[in-house]
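Engineer: So the sequences go chain by chain: A and B. Counting from 1, one number per residue, gives the positions in the first sequence under this note's numbering. Counting from 1001, one number per residue, gives the positions in the second sequence under this note's numbering.
Read the hints as simulated data drawn from the structure, not as lab findings. One should not assume that every hint holds.
As the list claims (entries may be wrong) - In silico EDC-like pairs for lysine to aspartate or glutamate, Cα to Cα no more than 20 Å straight-line:
#1 A:K111 <-> B:E1199
#2 A:K142 <-> B:E1228
#3 A:K53 <-> B:D1184
#4 A:K103 <-> B:E1218
#5 A:K103 <-> B:D1227
#6 A:K103 <-> B:E1228
#7 A:K142 <-> B:E1220
#8 A:K142 <-> B:E1218
#9 A:K103 <-> B:E1187
#10 A:K53 <-> B:E1187
Chain residues, written in single-letter form:
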Amino acid sequence: MQTLLEIHDLHASIAGKEILKGINLTIREGEIHAVMGPNGAGKSTLSAVLTGKPQYEVTDGTVLFKGRNLLEMTPEERSWAGIFLSFQYPIDIPGVSISNFLKTALSCRRKAQGLPELTPSEFLALRKEKMALVQMKPEFLKRDVNVGFSGGEKKRGEIFQMAMLDPDLSILDETDSGLDVDALRIVADGVNRLHTPQKAAIVITHYQRLLDYIVPDFVHILKDGRIIKTAGRELVAEIEEKGYENF
Amino acid sequence: MRISKMQKVLLINEWGLAEVLADGVTDGRPESRAGGLMDGLDGLTYALAEGESLSLVLLVLPDAPDAVINLPVQVKMDGPNSQFELHALALAGERQKVNVRVDVEHPGPDARSNQLIRCVAGGESRIAFEGLIKVLPGAIRTEAFQTSNNLLLSEQAKVRTCPQLEIYADDVKCSHGATTGSLDEDEQFYMRSRGITLEQARLLQLRSFVWPVLAQIEQEDLRASCDEQVSRALATMFPRL
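Bound conformation, chain A alone (with noise of 0.2 Å):
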């Protein structure tokens, strides 16, 4: 299995202050981790550093993406890259529907990769396969970005994102955040069926509850801008019934 992802001794901090402190972190192809950790533990920072959120400054450390260094690449060279984040608040953006969008976000992608634009016929094929996933109505499409969206929709709208920017590593923050049980369930079918050995994501949650649906191959848990414990998926049990004071 190649290797994806690989942190080491990653320290980040916003506006001076550090909330990275030293993460390590190997991702192979594959691989499903789950990061959980309490609030103000450094997990929505370390997805933002993972794809160059601005605001954040890294101090130390290094992160290699398939071999090269992804601190140096702008956010849309770690999407061209293959590089995923579903956010936990999905940003709206007026006039400009989904399909509009997602058409930008691949011509955009193909011209960094010299590769000519897809055809009418087939960025529709690809729409409709991908919607399949996650069962979505073509009607959606239509929609402008996020838009008086619910919290489930906005969730099931950032999968179907992610597929059809079929990315190697996907990041999801919170995605269970705001969702109902069936909300989830579709959600995180879309991610299960998106996964294949080629491919790794990397579950951000507070709770037990997505990842009775995702299920992870590693769970590690973030406190204080460190992972303190690292472990298969019956460590997510020990933190439902421990809670994350005692680790």
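For chain A, the structure is supplied; the task is to place chain B on it using the hints.
Structural biologist: Positioned in the frame of chain A, the structure of chain B alone reads:
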């Protein structure tokens, strides 16, 4: 029979000249007159009689790099149950100057006016918007709203916005508000994380900003062609990307 509902769409590229893109009744009958020019224009003046409804869409897209456009708009809500909607968009770059002044007067009761003015200033341009809503004594049950949103694309560009309300009647619903800001970085990050380049992300943001004005254009073909024209103008506002 009185014309109850009409829409006018005006395109203004230079001082004193407006191209009429749509002008006519909009309740289902394709009677819209278009293609005319209003020359020697020193302002737009409308008076709305009882039951009349006017939707005015103004697209101010100056042509020349040092163009100056002054545009006063005066509207009098003369009759009860009259309704006025203004959706205006002004884009200025380089050394262009745009001054828009909108006066809406409510002399009598039961009329409704609503305004949305969106301005984008890049380069070393200057945009000034002044809006006055005057609700005279006796104009009870008036509803009058005004929103001015401005986007600054460069540090040299300046926007001045001055919405004013004068209310001399009771039992009215009125509001005004103004915002001025730059393109949102969280939005940009969201788009970039999907592989959209910063340049394309900015264009989508601009489109998103101007859309509420364009969306008001009722004829679909016209809306599409205005959208295209505005998008072209927006694309030239970031010369160095």
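Engineer: If a hint holds in the structure, say so; if it doesn't, say that too.
Structural biologist: Outcome of the hint check:
For the hint linking K111 of chain A to E1199 of chain B, the alpha-carbon distance of about 13 Å falls within 20 Å, and the restraint holds. Between K142 of chain A and E1228 of chain B the CA atoms are separated by roughly 18 Å; this keeps the pair inside 20 Å, and the hint holds. Between K53 of chain A and D1184 of chain B, the direct Cα distance comes to roughly 13 Å. Compliance with the 20 Å bound is thereby established for this hinted pair. Our distance criterion of 20 Å between C-alpha atoms is broken by K103 of chain A and E1218 of chain B, whose separation comes to about 26 Å.
Under the criterion of a C-alpha separation no larger than 20 Å, the hint pairing K103 of chain A with D1227 of chain B is consistent with the structure, at around 18 Å. A distance of roughly 17 Å separates the Cα atoms of K103 of chain A and E1228 of chain B; the hinted pair therefore holds under the 20 Å criterion. The straight-line distance between the Cα atoms of K142 of chain A and E1220 of chain B is roughly 16 Å, inside the 20 Å bound, and the hint therefore holds. Our distance criterion of 20 Å between C-alpha atoms is met by K142 of chain A and E1218 of chain B, whose separation comes to about 18 Å.
Annotation: proposed proximity of K103 of chain A to E1187 of chain B holds, straight-line Cα distance about 17 Å (limit 20 Å). At roughly 11 Å between alpha-carbon atoms, K53 of chain A and E1187 of chain B fall within 20 Å of each other, so this suggested pair holds.
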